[in-house]
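Each protein sequence line maps, in turn, to chains A and B. At position 88 of the first sequence (counting the first as 1) the number is 101 in my numbering, and the numbers step up by one without a gap. At position 111 of the second sequence (counting the first as 1) the number is 124 in my numbering, and the numbers step up by one without a gap.
A portion of the hints provided could be inaccurate.
Identical copies go unnamed one by one, so any copy, or any two together, can satisfy a pair.
[Claimed, not checked] Pairs of lysine to aspartate or glutamate, EDC-like flavour, derived with a Cα cap of 20 Å:
no.	residue 1	residue 2
1	LYS109	GLU82
2	LYS61	GLU120
3	LYS109	ASP66
4	LYS61	GLU96
5	LYS109	ASP121
6	LYS26	GLU42
7	LYS26	GLU110
8	LYS70	GLU25
Read the hints as simulated data drawn from the structure, not as lab findings. Model, not experiment: these values are computed from the prediction.
There are 2 protein chains.
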Amino acid sequence: MRRNTTQRMAIEKVFKQHERPLGVDEVLEYGRSFVESLNQATVYRNLKLLVEDGWLKRISHPSLGTLYERTGRAHHHHFHCRECNRAFELPGCALKEDAAPDGFIVEDHEIFLFGVCPSCSGVAE
Amino acid sequence: MRRNTTQRMAIEKVFKQHERPLGVDEVLEYGRSFVESLNQATVYRNLKLLVEDGWLKRISHPSLGTLYERTGRAHHHHFHCRECNRAFELPGCALKEDAAPDGFIVEDHEIFLFGVCPSCSGVAE
DNA sequence: TCGCTAATGCGAATGCATTTGCATAAATGT
DNA sequence: ACATTTATGCAAATGCATTCGCATTAGCGA
């Protein structure tokens, strides 16, 4: 059966601590603050497990590549800051009703915003 | 100087004929109807040239990967049909004004819709 | 605490899209 | 039509994210 390893617990802690979508490199970097020896392959293995468990969701970002975020959150979209290169979760939905012309059956959608985040724009200190 | 090869002209014709974002494989397939011997490397080389010329634009689709589309078109978004697996261009913008919370400076955005296209849903015959 | 075996760390290996080297083919100026 | 030289087709090579093999480590039940 599955064992509770310190590395997987560290990875979960990383996601609890940073409430935003994270890439493999970020998980590795932040995870190493908990388990210094944390290895990339281990990160990959555990991300896969956590996705299978339904604890994480994999998303494909047009400029950041594969990101992982916690499941169970309300519908939202993503913001990518060109300064700090981080992805943020934006609450709510910014899609208009008449998104597609007649004939197109819209079942799902994804919105990616690009710009500068509060902490990089200096609005938040 | 640059020569006007039949293969590049074929590739341009493909984009003029199909007014939708195309992947490398699609360009190759459609292009071969004009130049039977068309090679994948040639497609890559010419797509790069056409992007440099500003005649094409490269977009990164979350599920279809890299696509190319003609430049100069009005602002629009993309629809991906899960039946025929093609990408379509949707005219207009479906983004609400208040897309991001205060503090986020939105400079650009991309919207991807998923569902079934008219020709696959049977609405259009 | 001991024993079993899943999980880790490491480096090598894979799969994939994309690029490149090179001999040959085909545009273009003359 | 010829000579020049860019572009092609082909296959091998690259770069990248991701996976795997294997010896070792470390959870966890007894």
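Taking the hints in turn, this is what the structure says about them:
For the homomeric pair LYS109 and GLU82, neither the shortest alpha-carbon distance inside one copy (25 Å) nor that between copies (24 Å) is at most 20 Å. Proximity of LYS61 and GLU120 under a CA criterion of 20 Å is satisfied in neither setting, with 26 Å inside one chain copy and 33 Å between copies. Taking the shortest alpha-carbon separations for LYS109 and ASP66, neither the intra-copy value of 33 Å nor the inter-copy value of 34 Å comes in at or below 20 Å. Proximity of LYS61 and GLU96 under a CA criterion of 20 Å is satisfied in neither setting, with 29 Å inside one chain copy and 27 Å between copies.
Taking the shortest alpha-carbon separations for LYS109 and ASP121, both the intra-copy value of 13 Å and the inter-copy value of 17 Å come in at or below 20 Å. Taking identical chains as interchangeable, the C-alpha atoms of LYS26 and GLU42 lie at most 20 Å apart only when both belong to the same chain, with a minimum of 13 Å there against 47 Å between chains. For a Cα distance limit of 20 Å, the shortest separation of LYS26 from GLU110 qualifies neither inside one copy, at 37 Å, nor across copies, at 35 Å. For the identical chains of this complex, LYS70 and GLU25 are intra-copy neighbours only, at 13 Å inside a copy versus 39 Å across copies, given an alpha-carbon limit of 20 Å.
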